[in-house]
Amino acid sequence: MEKRLPREKLIEMYRKMLRIRHFEDRIYRLFLSGTMPGTIHLSQGQEAIAVGVCANLSKDDIITGTHRSHGEALAKGVSMKSLMAELFARSNGCCKGKGGSMHVGDIDVGMLPAIAIVGGGIPVATGIALAFKMKRLDRVAVSFFGDGASNEGAFHEAINMGAIWDLPVIYVCENNLYGASTHVSKVMKLKDIANRAFSYGIPGVVVDGNDVVAVYEVARKAIDRARKGEGPTLIECKTYHIGGHSRSDPRQYRDKEEEKRWLAKDPIPRMKKKLIATNILSSEKSENIEAAIEKEIDEAIKFAQSSPSPKPEDALRDVFA
Amino acid sequence: MYLLKVKENKLRNLTVAEALREAIREEMRRDESVFCIGEDIGIKGGWGGAFTVTLGLSEEFGHERILDTPISELGIAGIAVGAALAGMRPIADVEYGDFIFLAMDQLINNAAKLRYMSAGKLKVPMVMRIPVGASGRGAQHAQSLESYFVHVPGLKVVCPSNAYDAKGLLKTAIRDDNPVMFFEHKLLYGAKGRREGIDARGEVPEEEYLLPFGVAEIKREGEDVTVVATLRMVYAALSAAEELEKRGISVEVIDPRTLTPLDLETILKSVHKTNRLIIVHEDNLTGGWGAELATRVTSEAFDWLDVPVTRIAAPDTPVPFAPIMENYFVPNSEDIVRTAASVLGKS
Ligand SMILES: Cc1ncc(C[n+]2csc(CCOP(=O)(O)OP(=O)(O)O)c2C)c(N)n1
Ligand SMILES: [Mg+2]
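Going down the list, the protein sequences come from chains A and B.
Using the numbering used here, the final residue of the first sequence is 379, and nothing's skipped along the way.
Using the numbering used here, the final residue of the second sequence is 358, and nothing's skipped along the way.
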C-alpha cells in the first residue's frame with residue numbers, strides 16, 4: 059500500500075502526526091503546571107485522521123473542527139506559534155485570545171475557529187460547501203466531528219441537505235468510542251456510524267482511523283468525488299483517544315483491556331515501524347525529525363510566552379463586521 | 012472520593028453540588044415519578060454530569076431512573092416534556108447552559124405553551140437544570156441565559172446563589188406543576204469557585220425544607236442604596252457592600268432567588284427606604300432581566316427614586332476566552348463600588 063505513495067509523502071505524514079503528538083504532550087504539561095489557562099481536550103491517538111485527511115486539502119479548502127481540534131489545526135496549517143499563543147491567551151494567537159483551546163482555527167489557512175457545540179460544525183461546513191458550489195469554485199469543505207456528534211439533529215439535517223444538493227463536503231466522523239464518559243454502545247444501536255450515510259443516499263465508509271495511509275486513501279477518493287460534483291461522503295474513522303476526554307480525566311469509566319488493545323494500535327509507532335521496516339525511514343532520520351519538532355515547539359512556547367496579552371477592552375472588539 | 016464527601020456531609024456544611032444532589036435524592040425517594048435525564052449523568056466510573064451533581068445517584072436509583080442519553084439536547088428536552096405530560100416528573104440536564112439553545116424549540120414551543128394551548132387541561136411538571144456563567148472556557152461554554160427564559164410566558168426561572176437556597180428551591184421546582192428553568196452558576200458548585208474566592212457552601216439542615224418561589228432574600232440590610240443581584244453576582248455585591256461600608260455607604264443587598272415569579276414587593280420596599288437601585292447581572296446588558304426590573308421599579312416607584320436605576324452587566328459581546336478579557340467582561344465588586352459611589356455622588 060505504501061508503494062503507491064511517494065516516500066516523501068509518507069515521511070511527511072509521519073512527521074505531521076509526530077508533531078501533533080509532541081505538541082499535545084507539551085501543552086498538557088504546561089496545562090497541568092498551571093502555566094496555561096482554560097481547559098484542554100487532547101487528540102492523542104487520533105492524529106492519523108487529521109493528518110491523513112488534511113494531506114488531501116489545499117489552503118482554499120475549509121474545515122470545521124470541534125472542542126478537540128489542536129491536531130486538525132496543525133494538520134491544516136495553522137502556524138504552531140499562533141496556535142500556542144492562542145492557548146496561552148495571547149493577543150497574537152490565531153484568535154487573538156478570544157477563542158482558546160476549544161476554538162482554535164485560522165481562516166487564512168482554511169480552518170474556521172473550531173466549534174465546541176457538539177455537531178455544530180456539520181451544518182456550517184455544509185453551508186460552506188453550498189457557497190463553493192453556487193460560486194462554482196473548485197473547493198471542498200470538510201467537517202470533523204466525533205461519534206457523539208452523530209446523535210445530534212444537526213448531523214442528520216445537514217447530511218441530508220448535503221446529499222440532496224450533491225455538495226462538495228466530506229463528513230469525517232472520528233469514532234473514538236466515547237462521547238465524554240459515555241460509551242458509544244450505550245447511545246446507538248448501530249455498530250458502524252458510516253451506515254447512517256445510507257439513510258441519506260450517500261456513500262458511507264469505515265476506515266481504520268489509526269492507519270494514516272488508509273485514512274489518506276479513503277479521504278482522497280471522497281474528496282475527488284466531491285470535487286467532481288458527485289456529492290458528499292461520510293467517512294467513519296475507528297480510533298481511540300489515549301488520554302480520555304479532557305484535562306486530567308481519571309478514565310475510570312474505561313475498560314483497561316480496551317485501553318491496552320488500542321494502545322497497541324497507536325498510529326504513530328505503527329507508522330514508524332512500517333517506515334523503518336520498508337527502509338523508508340532510518341533511525342537517524344527519525345531522530346532528526348524528533349529533534350526538529352522539539353525545537354519548533356520550544357520556539358513556539360518562547361514566542362507565546364513573550365507575546366503580549368490582549369488588553370482587557372479588546373473584549374469589546376470584533377462583535378460586528 | 013465519593014465516600015469522603017458523604018462523611019463531610021455530617022457537618023451539614025454542603026457545597027451547592029452536594030445540596031442539589033441531596034434535593035434530587037430526597038425527591039426521588041419520595042416520588043417514584045421523579046427521574047433524571049441527561050448526558051453523562053449516571054455512567055459508572057464517570058463524573059455525575061459535568062458538575063458532579065448526580066454523582067452516585069445511579070447506584071441508588073438504577074439506570075432506569077438516572078437515564079444517560081446520547082448527545083441530543085433537543086431530544087432530552089422534548090422527551091422530558093412528553094414524559095411530564097404523561098405523569099412523570101423529569102429533571103433534565105444540559106451540561107453547559109450554552110447547549111440549551113439546541114433545545115429551545117421543545118422548551119418554548121412545547122413546554123411553555125402546551126398548558127395554554129390545551130386551555131389548562133395539560134401540565135408540564137419538569138425541571139431543566141442549566142449551568143451558566145463564565146469559567147475560563149471561551150464563548151460557547153460561558154453564557155448567562157436567564158433572560159432568554161424570563162421573556163417566555165409559562166416558564167418559571169430560578170437562580171439560587173448558595174447551597175441552602177439550591178436545595179430548598181430545587182425541591183420546590185421538582186414538585187411544581189410547571190416547567191422550571193433552574194439556573195446554576197458554574198463557579199458556585201464547589202471547589203473551583205472557592206479557588207476564585209467565592210464560597211457558596213452553606214449550612215443545610217438535616218430535616219426537610221422547601222423554599223417558596225417568588226420570595227427574595229435580603230442578604231444584607233442597608234440604608235443608602237439597594238443592590239439586586241443573582242447567582243455569582245450576589246457575592247460581588249456582598250463584597251462591594253463591605254468595601255462601601257468602610258467608606259460610610261450603607262448597602263442593602265437583595266437576592267431575588269427566582270426571577271419568575273419575581274418578588275417585586277421586597278425590592279420596592281427596599282427602594283422606598285434607600286431611594287437608589289443598582290441591578291447586577293452577569294448576562295449581557297441589552298435586553299437582560301435587569302432592564303425589565305428597572306422598568307418595573309421605575310414605573311411603580313418613580314417618586315421614590317433619587318437617581319435613575321442603574322444596571323451593571325456584562326458588555327454586549329460574547330464571552331471572550333483570555334482570562335484578562337473574561338475578567339473585564341464579568342462584572343465585579345469594584346464595578347459595584349464605583350457605581351454605588353457615583354450614584355451617591357461620592358465618586
Ligand atoms: C451540544 C453539546 N452538548 C454537549 C456538549 C458537552 N460535550 C463536550 S465534548 C462532549 C463529547 C463529545 O463526544 P464526541 O462527539 O464523540 O467527540 P469526542 O469528545 O469524543 O472527540 C460533550 C458531551 C457540547 N460541547 N455541546
Ligand atoms: Mg467520541
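Derived by calculation from the structure, the hints in this document are not laboratory data.
The model shown is predicted, which means the values in this text are computed figures rather than measured ones.
C-beta: ideal position from N, C-alpha, C; glycine also.
Accuracy of the hints is not assured; some may be wrong.
[What the hints assert, rightly or not] Each computed SDA-like pair below joins lysine to any residue, with the alpha-carbon atoms no more than 25 Å apart: (1) A:K369 <-> B:R76; (2) A:K249 <-> B:T297; (3) B:K55 <-> A:R319; (4) B:K203 <-> A:N346; (5) B:K55 <-> A:E288; (6) B:K203 <-> A:K249; (7) A:K247 <-> B:R76; (8) B:K203 <-> A:S367; (9) A:K369 <-> B:G56; (10) B:K55 <-> A:S306; (11) A:K369 <-> B:L85; (12) A:K244 <-> B:H74; (13) A:K318 <-> B:K55; (14) A:K286 <-> A:L195; (15) A:K249 <-> B:L85; (16) A:K247 <-> A:R319; (17) A:K330 <-> A:V167; (18) A:K244 <-> B:L85; (19) A:K244 <-> B:P334; (20) A:K139 <-> B:H74; (21) A:K318 <-> A:S304.
[Said to hold, decoys possible] A few chain B residues that don't get close to chain A, going by computed Cβ distances all over 12 Å: (22) I52; (23) Y127; (24) P223; (25) N286; (26) M336.
Hint by hint, here is what the structure shows:
no. : hint              : in the structure
1   : A:K369 <-> B:R76  : violated (48 Å)
2   : A:K249 <-> B:T297 : violated (48 Å)
3   : B:K55 <-> A:R319  : holds (21 Å)
4   : B:K203 <-> A:N346 : violated (43 Å)
5   : B:K55 <-> A:E288  : violated (44 Å)
6   : B:K203 <-> A:K249 : violated (39 Å)
7   : A:K247 <-> B:R76  : holds (20 Å)
8   : B:K203 <-> A:S367 : holds (24 Å)
9   : A:K369 <-> B:G56  : violated (42 Å)
10  : B:K55 <-> A:S306  : holds (18 Å)
11  : A:K369 <-> B:L85  : violated (38 Å)
12  : A:K244 <-> B:H74  : holds (11 Å)
13  : A:K318 <-> B:K55  : holds (20 Å)
14  : A:K286 <-> A:L195 : holds (11 Å)
15  : A:K249 <-> B:L85  : holds (23 Å)
16  : A:K247 <-> A:R319 : holds (23 Å)
17  : A:K330 <-> A:V167 : violated (28 Å)
18  : A:K244 <-> B:L85  : holds (18 Å)
19  : A:K244 <-> B:P334 : violated (37 Å)
20  : A:K139 <-> B:H74  : violated (46 Å)
21  : A:K318 <-> A:S304 : holds (19 Å)
22  : I52               : violated (10 Å)
23  : Y127              : holds (26 Å)
24  : P223              : holds (36 Å)
25  : N286              : holds (32 Å)
26  : M336              : violated (4 Å)
The structure is inconsistent with the numbered hints 1, 2, 4, 5, 6, 9, 11, 17, 19, 20, 22, 26, although it conforms to all the rest.
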